[in-house]
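This is what each chain is made of:
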Amino acid sequence: MTTVVLRDLTRRFGNVTAVDRLNLEIASGELVAFLGPSGCGKTTTLRMITGLLLPISGDVLFDGKSMITVPTEKRGAVMVFQKHLLFPTMNVGQNVGFGLRMQGVEKKEMNRRVSEILELVKLPGFENRRAHELSGGQQQRVALARALVVRPKVLLLDEPLANLDANLRLEMRELIRSIQREMGISSVFVTHDQEEAVMLADRIALMFDGVLQQYDVPQAFYQKPLSTRVAHFFRNDNALAGTRRGDVVETALGTLRVDAARVQQPDGQVLVTVRPEDVRLNPEAGSPNCIQAKVLLVVYMGTHTQLQLDVGGHTWLVHSDADFQARVGETIPIELPASRLWLLPAN
Amino acid sequence: MRFLTLMEKLRVPLMIFPAVALICVLFFGGLTVGLGQSLGYFPAIGSYNLTFQYYSDVLTDSTFFESLWLTFRLALLSTVSSSVLAIGIAMVLRQSFKGSRFFTFMFQLSIPIPHLVAAAGIVLLVSQSGLTARIAYALGLINVPRDFPVMVFDRPGIAIQLTYLWKEVPFIGVVVLAVLQGVGPQYEEIARTLGANAWQRFRYVLLPLIMPGVLSTSIIVFAYVFSSYEIPLLLGVRYPTTLPVLAFKNYQDPDLSLRPQAMAMSIILTVIAVLLLVIYKRLAKYAVNS
Amino acid sequence: MQKIIRWIVLISLVVVALAPILPQFVWSFSHRWLFPSLLPSEWSLEPWEYAFSTSSRVGEAFISSMAIGIVVSLLSIIVGLPASRALALYDFRGKSVIEWLLMVPIIVPGIVATMGIHQVFIRLRLTDTFIGVCLVHLIPCIPYMVLVMSSVFANYGTDLEDTARTLGAGPVSVFRYVTLPGILPGLLVSTMFTFLISWGQYITTVLIGGGSIITLPMVLFPFIAGTNYSNAASISLIFVAPAILVLIFTSRQLGRESAVMGGFGKL
Amino acid sequence: MFDMKRMTLILVVLMMLVLSTTAAQDSDELMGEVPGYATWADVLAAVKGTTVNWHMWGGSDKINSDVDNDIGARVQELYGITLNRVPLVDTADVVNKILDESAAGVTTGSVDLIWINGENFRTLKDASLLYGPWSEAIPNAKFVNWADPSLAFDFGTPVEGYESPWGHAQFVMEYNTALVGDAPPKTFEDLTAWVEANPGLFTYPAIPDFTGSVFLRHVFYWAAGGPEPFLGPFDQAVFDQYAPKVWEYLNALEPNLWRAGETYPEASALTDLLANQEVAFNMGYGPGNAASSILEGKYPETIRTFVFDTGTISNNNFVTIPFNAPNPAGAMVIANFMLGEEFQLKMSDPALWGWLSPISPTMYSSDFQAAVAAFERHPATLSTEELAAGALPEPPSAWVTAMEQGWVENVLQK
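Protein chains in written order, with the numbering used here: chain U, 2 to 348; chain D, 495 to 784; chain Z, 7 to 273; chain G, 178 to 591.
Calculated directly from the structure, the hints in this document are not laboratory data. From the three backbone atoms N, C-alpha and C, an ideal C-beta is built for every residue, glycine too. Any given hint could turn out to be false.
Unchecked claim - Simulated pairs of lysine-lysine, DSS-like, Cα-Cα distance not exceeding 30 angstroms:
id, chain 1, residue 1, chain 2, residue 2
1, G, K319, G, K302
2, U, K75, U, K109
3, D, K592, Z, K9
4, G, K239, D, K743
To be verified - Per the computed footprint, the stretches of chain D lying under chain U, defined by three or more beta-carbons under 8 angstroms from a beta-carbon of chain U, are:
id, region
5, 680-686
6, 690-702
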């Protein structure tokens with residue numbers, strides 16, 4: 002049970018600032034996702050937590066103790082990579098027991114703990130298999146077991162599921178989640194897949210260009226993104242410029258009511274946004290917050306129908322019921338429920 | 495259609511035939527002639543009767559065993575020390591640092607240089623009146639050449655081994671380096687986060703990864719040293735000398751009746767080489783697996 | 007600390023790499039250089055004049071060494087390339103036997119087969135001939151070529167070739183535009199190795215060439231054995247120069263991660 | 178035995194008297210029969226535009242370049258022959274090649290002429306693998322005193338027209354005055370004393386090296402009080418009588434030798450050891466070697482030569498023609514040229530090779546004699562008189578083989 006604090010963590014490679022004054026706190030037993038496009042600095046941060054990479058400035062604290070001078074092998078922050086999962090020269094048992102062997106744990110005890118952890122990852126009795134005899138998912142689970150068996154203070158997973166196919170990924174997510182909960186290990190995992198981050202993480206740290214954009218629970222990234230960039234990353238580009246005045250926003254398409262208790266932008270120039278799934282089509286006549294939109298494209302998606310609409314010159318995406326009917330070029334009314342509207346700062 | 499399937503069938507045989515034929519005729523043909531002569535089938539001197547006489551002549555001669563032991567010792571020592579040094583240097587060269595390409599090139603420098611030139615260079619360097627001895631004299635460390643340690647024409651064969659080291663360390667090293675660069679840093683990083691210190695990372699993670707490459711290049715090196723002729727001839731003592739030198743001396747003796755003995759030595763040399771290879775591969779397999 | 011060790015290793019690496027070669031430059035310009043002088047007491051161009059004179063036969067030997075090396079390399083490619091491809095990409099009965107057959111010459115002392123083949127060559131009138139020497143040099147060269155190239159082929163695979171064929175390329179075009187560029191780095195290195203193996207052969211050339219085919223090692227050997235180090239030095243340097251040139255061209259291939267060097271790890 | 182030697186000496190003198198009268202006339206006629214050619218003119222006609230492959234020891238750049246340039250150019254000019262020198266590390270290699278060719282039934286080989294003597298000659302002659310007889314029939318053979326046992330016998334093997342002499346060699350010891358002083362040990366007793374007083378500074382080449390072998394013969398001669406017991410056919414009883422004393426002497430010497438006798442150098446390496454003061458002595462068949470080595474920069478200026486008080490062994494360098502030589506006529510022409518005044522004068526020049534001539538100078542013109550007399554002798558070279566005074570014969574090669582083998586078993590491997 003360890004809390005991890007990153008304080009003003011900064012790292013440069015040549016002229017490029019990979020991570021810029023990052024401040025973050027990971028509560029004991031929490032599972033945090035570092036999310037962002039490739040090159041955003043999430044892996045660099047992970048490596049700084051392990052000590053494989055030293056920051057130029059800033060500090061890494063485990064339970065309040067600075068780790069900067071502690072070498073990787075003594076930190077107790079264990080890493081699981083996406084590639085090169087298992088040591089190819091060892092069998093499963095040797096792979097899992099590696100960390101214990103390094104600590105000089107007695108052989109009998111080691112074997113006991115290895116078989117125990119293999120059961121936990123649902124690979125009982127796999128000790129003598131060679132790495133190349135295992136499937137991708139099995140290898141992933143062995144790698145996880147190898148990390149867990151040393152009871153790390155912090156578990157760090159670098160895109161652990163990127164190489165797995167869709168079904169396996171789902172299965173593994175659940176496994177990681179349940180084991181992490183069960184063992185209560187403070188964990189960080191790096192991913193560029195927002196869906197994965199949302200499903201797994203207690204909190205998500207979204208990074209762009211080495212700068213932390215938003216650190217919050219997954220729901221917040223959908224409901225309360227802090228910028229258009231964040232919103233865009235979570236696939237929300239629906240926006241409409243306007244001016245807030247109290248609980249209304251004046252837009253070119255009319256006046257929209259907002260939930261003043263929910264939105265955080267001050268009065269003045271703002272962007273009104275609403276998630277595609279929150280837009281109501283076919284509103285009842287007379288509903289508030291109704292505006293007209295022109296249908297640009299209708300795509301049947303199986304579970305729903307996706308529409309591209311022209312809303313005051315902006316292209317919006319809207320999800321409707323699967324059986325929703327509309328013709329391209331038709332103008333339809335849509336309702337933007339006040340309780341779902343969120344305001345972003347105007348650019 | 496039938497023609498096409500026939501071509502399909504013949505493809506592999508056609509591809510391997512030239513190489514296999516050449517090696518069979520030249521190498522195994524030569525070996526067979528040698529075997530025949532070693533057994534006394536030597537029409538040129540009018541000998542057709544098969545006999546093991548020449549083998550027993552060779553195997554009862556202490557000179558042969560002294561040569562065998564010397565040859566084996568030189569090969570083993572050169573191979574082991576080359577491998578160890580090669581791994582060490584490769585570990586340094588794999589790190590990325592300024593000028594690493596220059597140093598890697600310098601490391602490879604001796605690979606293409608013929609053994610003969612290497613031998614001459616080593617003599618000029620480490621003989622009792624060589625450059626090192628002269629530097630030692632200039633520094634006042636020695637007064638006369640014989641104060642300088644004996645390294646050329648010596649029983650332990652130090653100059654011989656230095657020549658092999660100089661030639662073979664880069665050969666093994668380059669292979670190790672290639673393997674290490676293919677491995678990348680991640681295994682070590684995992685090991686590190688799992689609590690392995692520098693030695694443990696090398697011993698338990700890297701060494702098993704590079705061992706297959708080291709083992710098979712060291713077989714090549716061992717075989718080379720085991721069979722080389724010029725270096726021990728130029729830098730070694732007159733007695734005992736290495737097996738190839740001894741065999742060739744007998745072969746080139748104007749007394750043709752020594753030829754079957756030379757051939758018997760060669761055949762024994764061959765058998766030992768193949769045997770050592772088999773043992774080595776077994777050991778290697780065992781070492782890698784456990 | 008680690009940095010200091012690294013630089014100690016690197017500097018000694020350079021010193022050790024150059025120590026047996028650089029002093030030979032000085033030797034090649036020396037007339038009298040006796041113990042304990044650190045530099046020659048008399049300088050001279052004689053060793054170089056001798057090396058470039060016709061009587062040293064260095065020029066002639068250089069040409070035959072080069073010609074033999076090139077012919078042996080080409081033959082090794084012609085013979086070794088199909089075999090290594092077959093071994094790398096196809097499974098067939100007796101494959102392990104073939105592999106073994108082609109690898110044994112690396113392990114077994116070359117002098118053994120050479121002494122036997124010498125007897126046959128005398129009868130076939132191949133001793134004292136250029137082609138006889140080339141043939142005997144092939145014994146160690148083919149196995150090296152096959153060893154390296156089968157690893158290269160295995161690494162390269164057939165996917166790209168198959169793609170090219172579905173795109174309408176004939177066998178020649180596939181080889182010319184897909185296979186050859188793919189295996190070229192490996193081919194360069196293995197050709198360099200076979201060339202250098204041939205380039206450095208001494209005793210096999212002496213035996214089969216019978217003194218009629220004079221190669222550089224044969225010109226050099228008497229001077230080393232005869233402790234005539236000044237002449238040995240000038241000839242050594244001529245002997246080394248093409249080898250270093252070859253290295254400069256292939257150094258990059260040698261240095262980087264490649265199936266080529268890995269090939270040596272597949273014995 | 179001894180009497181026979183005296184007899185031959187008398188014969189020599191008589192022959193010299195007879196021959197000297199004809200010395201001035203330069204006839205170009207065959208003096209006997211050679212296989213395949215009726216007259217010398219036929220021989221000369223056959224050689225125009227041909228190549229002669231001369232297989233010879235190639236360890237001396239000086240000899241190499243002189244053979245290629247001077248001799249090569251002259252025989253091209255005189256006879257239209259292209260001389261192709263084939264360098265050897267060991268003459269046994271070419272002997273072996275001939276043996277192999279014969280065994281394989283190769284009747285036209287590639288070797289025309291071989292620089293040879295001793296054991297190698299005997300091997301080829303005994304196996305009947307030589308062309309000839311021819312050497313007594315070529316025109317310049319008239320200069321050769323075939324009655325001289327050192328020319329009629331090559332290490333006890335009768336020459337009988339199968340090889341032709343071209344240079345004379347005598348064993349000398351070389352020493353570094355900087356280490357030894359001006360009074361080198363000229364007897365084996367003195368040598369022992371010196372070696373004991375100066376351990377590590379003396380050694381001799383490992384046998385069967387040519388030079389090491391001749392040093393060993395000197396020890397045998399010393400042990401027996403002279404060469405006489407070893408000049409007849411090999412006799413095991415005689416050998417056993419003197420051998421123990423030789424092994425005892427050499428083994429007693431061993432602990433004080435260079436490297437404490439742990440190993441013995443090659444002759445060429447010994448040259449280098451002397452040059453760099455690793456040892457104080459070298460030895461060899463070339464009385465002019467010290468002088469030319471000093472001039473070539475291989476030796477320091479302080480090297481001098483001496484011979485043992487009891488004399489040193491001398492022998493001759495020959496050339497021979499193998500049975501399957503493709504161009505025996507050309508080979509004979511070269512051999513003939515090498516017996517001529519021009520070649521012998523050049524070879525004797527201390528500034529060039531400084532060899533001794535197998536031919537008495539009186540056989541040649543007065544110009545030749547005057548030129549030889551005018552040679553400036555290097556201080557490192559002994560006078561011809563000093564050398565000739567103590568010239569000892571070589572034993573038959575069977576003795577040499579026995580001595581060499583004995584040394585390997587009783588000294589080297591002990």
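Practice task
Sort out which numbered hints this structure fails and list those numbers smallest first.
Solution key: none
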